[in-house]
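If you read the protein sequences in the order shown, they are chains A and B.
For what it's worth, our numbering labels the leading residue of the first sequence as 1, then goes sequentially.
For what it's worth, our numbering labels the leading residue of the second sequence as 1001, then goes sequentially.
Keep in mind that the hints were calculated from the coordinates and are not lab data.
A couple of the hints might just be wrong.
In silico contact screen, one side only, chain B against chain A (beta carbon under 8 Å); selected entries [stated by the list, open to error]: (1) K1004; (2) R1008; (3) C1014; (4) V1017; (5) L1018; (6) I1021; (7) A1022; (8) L1023; (9) S1025; (10) I1028; (11) L1031; (12) N1033; (13) L1036; (14) L1044; (15) V1057.
Glycine included, each C-beta is placed from N, C-alpha and C at the ideal position.
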Amino acid sequence: MKKNDYKKIFFDGVVANNPTWRLVLGTCATLALTTSAMNGIGMGLAVTVILLCSNVLVSLLRKVIPNEVRIPAFVLIIATFVTVVRMVLYAYLPDLYDSMGVFLPLIVVNCIILGRAESFASKNTVLAAAADGVANGIGFTVALTIMGIIREFLGNASFFGIAQPWDFKIGFFTSSAGAFFVYGICIALFNFIYSKIEISLAHGKARARRQSLPKSLEELKETAQAQEEK
Amino acid sequence: MKIKDFFRSVTFRCIVVLAAIALLSGGILSLLNDILYVSDEEILQRTLNKIYVDEEVGAETVSLDSLDVENDYGTVKNVYAMDNGQYLVEATGKNGYKGGTVTAYTAFLAEDGALTGIYKVVITGNVSQSFISEMDAEYLAGYTTADASEIVSGGTEYFPTTPGRTDYVVTGATKVSDATNNAVNAAMCFLRTELLTAGGNTEQEA
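Next comes chain B alone, as it looks inside the complex:
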């Protein structure tokens, strides 16, 4: 086939049409991406609205620069010191279904530099957790019970993960429960070992 024939062929027309549609789509999407961009502040505000319903609570970002955000349970992404004395931690828990993760915000109650319980847990994301809907409000409310407060205030215990546990688990979604528990545990471990210890960096950024 000569070059001239190629430019007149259906193949060339197909390539041009597909490329034109792809280019046009890309252009429109990148334009709309800028117009409809949701800032980090807006995302944080949405999460705060879910946690503190009908309450206006201010948050200050805690610097994680010199702290170890990785632990056995997962990774801490963001920490906020709330006006009401609580700590809000965004953490990703590992060892979920198919090795995936669950990301959750956990609001911890604290008194005199020690954790006393959990105010609320809100799941904001996951990777490969097809049964994430099983972690419903009823399950997440389990973290705010008196039994859970004992674990949190104990100082050494963590929410159990498989094998051989009977509480803090949803039957049929055990691995997702693991990752969810790990998200809370990762946040709790970070506060206990990094932030609320004597050497911890408690300086806050506005």
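Pulled out of the complex, with its shape left as it was, chain A reads as follows:
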């Protein structure tokens, strides 16, 4: 695999196919755990670690696992890593473990992880699968953190747990309805910006192609003459 392929994998995971804002996957955890920025980062990192490990193992075992039982096998692998992450969090980060509550074991059925195992890791090399896991994990973490910052700032008047000097809170943003509202706004903004970037990139490519073509008939003749002389 070339360097450019890894670049594409990273761009796809973080931006073009961002699991939260482009593919709208893992919505349950996204809505529930973005009440604060720390929760968002915690969930994002947990998913990133599980994505990386499960993608690597699924890719390693892709020639061993029969096609007929691939989904149960993937679920087994993912469940194992989720349990390991739960144990580690409970032992070393009990506050984060408590705040993530039921959504931590529910990572087992998170469609981002199962989706990447099924659509990418089971068909690609270990390195590519690892890169895909990290990229999607970063995309998910960034999305959750940004949503967490917005909801915490507006709903609790704090930033990463640090209280702001003003006491202006809008309780709506910490509620479920507020989560949907922020999620919708983020999706709209992200897709608006992404489409603008995509259009400008497409224009840039077209311009470059046009510039590389001969402009007129005379130029064509000159080019042909030059080739003949050679």
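Knowing the structure of chain A, use the given hints to seat chain B on it.
Just chain B, lined up with the frame of chain A:
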């Protein structure tokens, strides 16, 4: 299908692969379970850190052997006599949402063998209480107010549960409020009727 064919079939391969993954996972998890085991002492210390923030308070376990830990409100799991004269009770309150429970640690203020108020309530677990997040710090602080102290020190009253109450309730999470109130009530009932009575066993274990 002959036995020989079965061992060569995809079905057999599927079973073997799944069993191998399950066995390997089980092995790794049981190993990690031992490595990352969190002891009861550590769990208690974590709870104490939540209750007594920036304070070093020692706790002695109270023996519950000859005491009745079940009452109308729930079940008492553990009782600790604190160095500062408080009683810390871990109790599970019943009658929550879908018949579930809420488990909470309640630190009671006591003077001359009588309860005078609540220092703090910390929720540590629940069963089927999907709205448990509604029992936030603001709600739990309600147990430490002067009104609540009157209920605690009164000797006979308990925190109200549905139907027809207007205080100590979160609208939309009434049943979870019930279970939370019951967890505190179960602890309070135990202290009043079992531990702090004349016949109560107040012997402490180190």
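Tested hints:
no.	hint	verdict
1	K1004	violated (19 Å)
2	R1008	violated (13 Å)
3	C1014	holds (4 Å)
4	V1017	holds (6 Å)
5	L1018	holds (6 Å)
6	I1021	holds (5 Å)
7	A1022	holds (6 Å)
8	L1023	violated (10 Å)
9	S1025	holds (4 Å)
10	I1028	holds (7 Å)
11	L1031	violated (10 Å)
12	N1033	holds (7 Å)
13	L1036	holds (4 Å)
14	L1044	violated (12 Å)
15	V1057	violated (19 Å)
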